[in-house]
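Residue numbers (the working numbering), protein chains in the order written: chain A, 1 to 259; chain B, 260 to 515.
Be careful, since some hints might not be right.
Computed list of lysine-lysine pairs in DSBU-like fashion (alpha-carbon distance at most 35 Å, straight line) [said to hold, decoys possible]: (1) A:4 / A:163; (2) A:52 / B:393; (3) A:86 / B:500; (4) B:463 / A:55; (5) A:7 / B:382; (6) A:241 / B:500; (7) A:236 / B:462; (8) B:393 / A:236; (9) A:194 / A:44; (10) A:82 / B:500; (11) B:382 / A:194; (12) B:463 / A:52; (13) B:462 / A:234; (14) A:86 / A:236; (15) A:194 / A:156; (16) A:7 / A:163; (17) B:463 / A:234; (18) A:211 / B:385; (19) A:194 / B:500; (20) B:462 / A:4; (21) A:44 / A:170; (22) A:163 / B:457; (23) A:234 / B:500; (24) B:457 / A:234; (25) B:457 / A:211; (26) B:457 / A:82; (27) B:382 / A:163; (28) B:463 / A:51; (29) A:155 / A:241; (30) A:211 / A:44; (31) B:462 / A:8; (32) A:155 / B:462; (33) A:55 / B:393.
Derived CB-CB ranges, DEER-like [unchecked claim]: (34) A:203 / B:434: 41 to 47 Å; (35) B:503 / A:201: 25 to 31 Å; (36) A:238 / B:435: 28 to 34 Å; (37) A:82 / B:364: 28 to 34 Å; (38) B:462 / A:158: 31 to 37 Å; (39) A:194 / B:401: 48 to 54 Å; (40) B:416 / A:233: 36 to 42 Å.
Simulated from the structure, these hints should not be mistaken for laboratory data.
C-beta: ideal position from N, C-alpha, C; glycine also.
Spelled out, the chains give:
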Amino acid sequence: MSEKAIKKTAWRLITSFQACENYEREQAYDYLYCMLPTLEETYKDDPEELKKRLKAHNEFFNCNPIFTGPILGITSAMEENKVDEKTIQSLKVGLMGPLAGIGDTLVFTIYISILFSLGASFAQQGSIVGPLMVIPLTFIPLFLCRYFGTTIAYKKGMESIEKITAALDKVTTIAQEFGLVIIGAMSVLLVTAKTSISFSVGDTTIALQDKLDALLPGLLSVLFVFVSYKLLTKAKWSPVKVLFFLLGVGFVLGAIGVL
Amino acid sequence: MLSIGTSIALALWAAVCILDLKCFKIALLSRPLLAGFGAGIICGNIPLGLTVGSTLELMSMGIWNYGGATIPDYTCATIVSIAIATATGTDFNGSIAIAIPVALLFTYFDILAMTYNTFYQHKADKYCEEGNVKALERMHPLGYLTWAISRGLPVFLACFFGSWVVNAIFNVCPEWVFTAIGKAGGIFPALGIALLLKMMPAKKYWMFLILGYVLAAYFDLGFIGITLCGAVAVGITELSKRQQGQGPQKTKALDL
Numbered sequence: 001m002s003e004k005a006i007k008k009t010a011w012r013l014i015t016s017f018q019a020c021e022n023y024e025r026e027q028a029y030d031y032l033y034c035m036l037p038t039l040e041e042t043y044k045d046d047p048e049e050l051k052k053r054l055k056a057h058n059e060f061f062n063c064n065p066i067f068t069g070p071i072l073g074i075t076s077a078m079e080e081n082k083v084d085e086k087t088i089q090s091l092k093v094g095l096m097g098p099l100a101g102i103g104d105t106l107v108f109t110i111y112i113s114i115l116f117s118l119g120a121s122f123a124q125q126g127s128i129v130g131p132l133m134v135i136p137l138t139f140i141p142l143f144l145c146r147y148f149g150t151t152i153a154y155k156k157g158m159e160s161i162e163k164i165t166a167a168l169d170k171v172t173t174i175a176q177e178f179g180l181v182i183i184g185a186m187s188v189l190l191v192t193a194k195t196s197i198s199f200s201v202g203d204t205t206i207a208l209q210d211k212l213d214a215l216l217p218g219l220l221s222v223l224f225v226f227v228s229y230k231l232l233t234k235a236k237w238s239p240v241k242v243l244f245f246l247l248g249v250g251f252v253l254g255a256i257g258v259l
Numbered sequence: 260m261l262s263i264g265t266s267i268a269l270a271l272w273a274a275v276c277i278l279d280l281k282c283f284k285i286a287l288l289s290r291p292l293l294a295g296f297g298a299g300i301i302c303g304n305i306p307l308g309l310t311v312g313s314t315l316e317l318m319s320m321g322i323w324n325y326g327g328a329t330i331p332d333y334t335c336a337t338i339v340s341i342a343i344a345t346a347t348g349t350d351f352n353g354s355i356a357i358a359i360p361v362a363l364l365f366t367y368f369d370i371l372a373m374t375y376n377t378f379y380q381h382k383a384d385k386y387c388e389e390g391n392v393k394a395l396e397r398m399h400p401l402g403y404l405t406w407a408i409s410r411g412l413p414v415f416l417a418c419f420f421g422s423w424v425v426n427a428i429f430n431v432c433p434e435w436v437f438t439a440i441g442k443a444g445g446i447f448p449a450l451g452i453a454l455l456l457k458m459m460p461a462k463k464y465w466m467f468l469i470l471g472y473v474l475a476a477y478f479d480l481g482f483i484g485i486t487l488c489g490a491v492a493v494g495i496t497e498l499s500k501r502q503q504g505q506g507p508q509k510t511k512a513l514d515l
């Protein structure tokens, strides 16, 4: 058992994961790079087996970088025990999806979005507290998750993965419920869509926006979110394509004076 | 026009930001809030860095490269628009109007970098075949260069020559064009929110979504007020779940 190799793996995850991310196999080479210390040590006397293992870890891999640690830890421990490579591969593939889902939701969708929106609201009042407060609140959890995620999973083995995912599952449900409240609020607070159309009826002018507000406040904002959501999910548009769409629609509506 | 020194400093800052997004994740410097703060310091205009950065931060909330997806490059958009606004004396609205096309244009540099890295992936295949661990170790750090150059070089060019280009455009384009771009920018946050929604079980927990909407639209509560009300709602839900003895369900995918 080597503590040194797993520490190296954790550092590589923290400093260089995704450096060689590419369209063909996403984080395959990055994963392999993290595994090199363990592989080199375990198979130094067996070059043929080493080649086989190197190739096995150079296969498609795509996971949330913050939550990849447990997978690296557990596969390192398995490699040291020279577990059959097919077993290791199927474990990697089996864990990558669920951990990516939990990690993306917890870290980026909920934590980072809320933290940075809060920071931005301070910064809009011209306060440097905004950017300064988010730095430690991002660095500490993301660092600890990656470092201890790797080393603890290595030491405790498969049982720790089950515990980690069970605990995360619970936190994720709570975070999802909470996140939806924030998302509902943000659709009205962040999307600025107000129409300046008005009608003249006799001597009085009626602003369409006032009528809309009486019906449902922020209706147009919610409508734009809904259309974007449908384009992403039903029409399977890429985010960039949706943004071009919003630019086009917003530009035309803005130019003719509807918005 | 910006000096060559400032342009280089901004290009290096853009490189640091993208490396932080991809690799280090020290503090997600790539988010407009922090990228803008840094650019503001370099340009000697911190207030501009804060206002432009925080506006673009909120405009891009929820936009994240999930699964390595290519997304509008708000990082470089923030840096370039602050730089050009400093050089040309453009106001806040002008810098947002610059940021939007830059964010869309710069997505192509991400595609270039992701494509170029495929080259290393194929070389790695060859080294695996040979069992050449040393070469695998040596080659991987070259990936840093891909990312640093993919953003550093275009940001340098945009900062150094951009004010000239932007001045020319501002002279030709009538005022209404910028107003219309600004209006379009107002609805941009819809994308980030839609991306967030896509990640969430909105159908199952629709009531939380409505609660947030009502608190913001009808009660006009601030961010902290909404957060506290949200905590209450989630707390009550979890408490009632526990009393019924049905905690959150475990995912079946993990039963290996």
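Evaluation of the provided hints:
1. Distance restraint check for residue 4 of chain A and residue 163 of chain A: the Cα-Cα separation of roughly 25 Å lies within the 35 Å cut-off, and the hinted pair is therefore satisfied.
2. With a C-alpha separation of about 16 Å, the suggested pairing of residue 52 of chain A with residue 393 of chain B holds against the 35 Å cut-off.
3. Pair hint residue 86 of chain A plus residue 500 of chain B does not hold up; C-alpha atoms about 40 Å apart against a cutoff of 35 Å.
4. Under the criterion of a C-alpha separation no larger than 35 Å, the hint pairing residue 463 of chain B with residue 55 of chain A is inconsistent with the structure, at around 42 Å.
5. Distance restraint check for residue 7 of chain A and residue 382 of chain B: the Cα-Cα separation of roughly 26 Å lies within the 35 Å cut-off, and the hinted pair is therefore satisfied.
6. Of the supplied pair hints, the one linking residue 241 of chain A and residue 500 of chain B is violated, its CA atoms being roughly 41 Å apart against a limit of 35 Å.
7. Between residue 236 of chain A and residue 462 of chain B, the direct Cα distance comes to roughly 18 Å. Compliance with the 35 Å bound is thereby established for this hinted pair.
8. This hinted pair does not check out: residue 393 of chain B and residue 236 of chain A have alpha carbons roughly 42 Å apart, beyond 35 Å.
9. Between residue 194 of chain A and residue 44 of chain A the CA atoms are separated by roughly 67 Å; this puts the pair beyond 35 Å, and the hint is violated.
10. For the hint linking residue 82 of chain A to residue 500 of chain B, the alpha-carbon distance of about 44 Å lies beyond 35 Å, and the restraint is violated.
11. Among the hinted pairs, residue 382 of chain B with residue 194 of chain A is inconsistent with the structure: their alpha-carbon atoms are about 54 Å apart, more than 35 Å.
12. Distance hint between residue 463 of chain B and residue 52 of chain A is unfulfilled; the C-alpha atoms sit about 45 Å from each other, more than 35 Å.
13. A hinted pair counts as satisfied when its Cα atoms are at most 35 Å apart, and residue 462 of chain B with residue 234 of chain A qualifies at roughly 15 Å.
14. Between residue 86 of chain A and residue 236 of chain A, the direct Cα distance comes to roughly 34 Å. Compliance with the 35 Å bound is thereby established for this hinted pair.
15. Annotation: proposed proximity of residue 194 of chain A to residue 156 of chain A is violated, straight-line Cα distance about 56 Å (limit 35 Å).
16. At most 35 Å may separate the alpha-carbon atoms for a hinted pair to count; residue 7 of chain A and residue 163 of chain A meet this at roughly 22 Å.
17. Between residue 463 of chain B and residue 234 of chain A, the direct Cα distance comes to roughly 18 Å. Compliance with the 35 Å bound is thereby established for this hinted pair.
18. Between residue 211 of chain A and residue 385 of chain B the alpha-carbon distance is near 67 Å, which puts this suggested pair outside the 35 Å criterion.
19. The straight-line distance between the Cα atoms of residue 194 of chain A and residue 500 of chain B is roughly 40 Å, outside the 35 Å bound, and the hint therefore fails.
20. Simply put, residue 462 of chain B and residue 4 of chain A have alpha-carbon atoms about 47 Å apart, too far for the 35 Å limit, and the pair is violated.
21. For the hint linking residue 44 of chain A to residue 170 of chain A, the alpha-carbon distance of about 42 Å lies beyond 35 Å, and the restraint is violated.
22. With a C-alpha separation of about 27 Å, the suggested pair residue 163 of chain A and residue 457 of chain B falls inside the 35 Å cut-off, and the hint holds.
23. In summary, the hint linking residue 234 of chain A to residue 500 of chain B is supported, as the alpha carbons are separated by about 32 Å, within the 35 Å threshold.
24. Only pairs whose Cα atoms come within 35 Å are accepted, and residue 457 of chain B paired with residue 234 of chain A is accepted, the gap being roughly 11 Å.
25. Of the supplied pair hints, the one linking residue 457 of chain B and residue 211 of chain A holds, its CA atoms being roughly 31 Å apart against a limit of 35 Å.
26. Note on residue 457 of chain B and residue 82 of chain A: the hinted pairing is violated, with a Cα-Cα distance of about 40 Å set against a maximum of 35 Å.
27. For the given pair, residue 382 of chain B sits about 38 Å from residue 163 of chain A by alpha-carbon distance, which is inconsistent with the 35 Å threshold.
28. The suggested pairing of residue 463 of chain B with residue 51 of chain A is violated, with an alpha-carbon distance near 47 Å, which exceeds 35 Å.
29. Only pairs whose Cα atoms come within 35 Å are accepted, and residue 155 of chain A paired with residue 241 of chain A is rejected, the gap being roughly 45 Å.
30. Under the criterion of a C-alpha separation no larger than 35 Å, the hint pairing residue 211 of chain A with residue 44 of chain A is inconsistent with the structure, at around 76 Å.
31. At most 35 Å may separate the alpha-carbon atoms for a hinted pair to count; residue 462 of chain B and residue 8 of chain A exceed this at roughly 43 Å.
32. For the hint linking residue 155 of chain A to residue 462 of chain B, the alpha-carbon distance of about 39 Å lies beyond 35 Å, and the restraint is violated.
33. A distance of roughly 15 Å separates the Cα atoms of residue 55 of chain A and residue 393 of chain B; the hinted pair therefore holds under the 35 Å criterion.
34. For residue 203 of chain A and residue 434 of chain B, the Cβ-Cβ distance of about 32 Å falls outside the hinted range of 41 to 47 Å, so the restraint is violated.
35. The hint said 25 to 31 Å for the Cβ distance between residue 503 of chain B and residue 201 of chain A, and at roughly 55 Å that hint is violated.
36. Look at residue 238 of chain A against residue 435 of chain B: about 30 Å separates their beta carbons, and that is inside 28 to 34 Å.
37. A C-beta distance of roughly 51 Å is found between residue 82 of chain A and residue 364 of chain B, which places it outside the suggested range of 28 to 34 Å.
38. A C-beta distance of roughly 33 Å is found between residue 462 of chain B and residue 158 of chain A, which places it inside the suggested range of 31 to 37 Å.
39. The supplied range of 48 to 54 Å is met by residue 194 of chain A and residue 401 of chain B, whose beta-carbon atoms lie about 50 Å from each other.
40. Between residue 416 of chain B and residue 233 of chain A the beta carbon distance is about 37 Å. The supplied range of 36 to 42 Å therefore holds.
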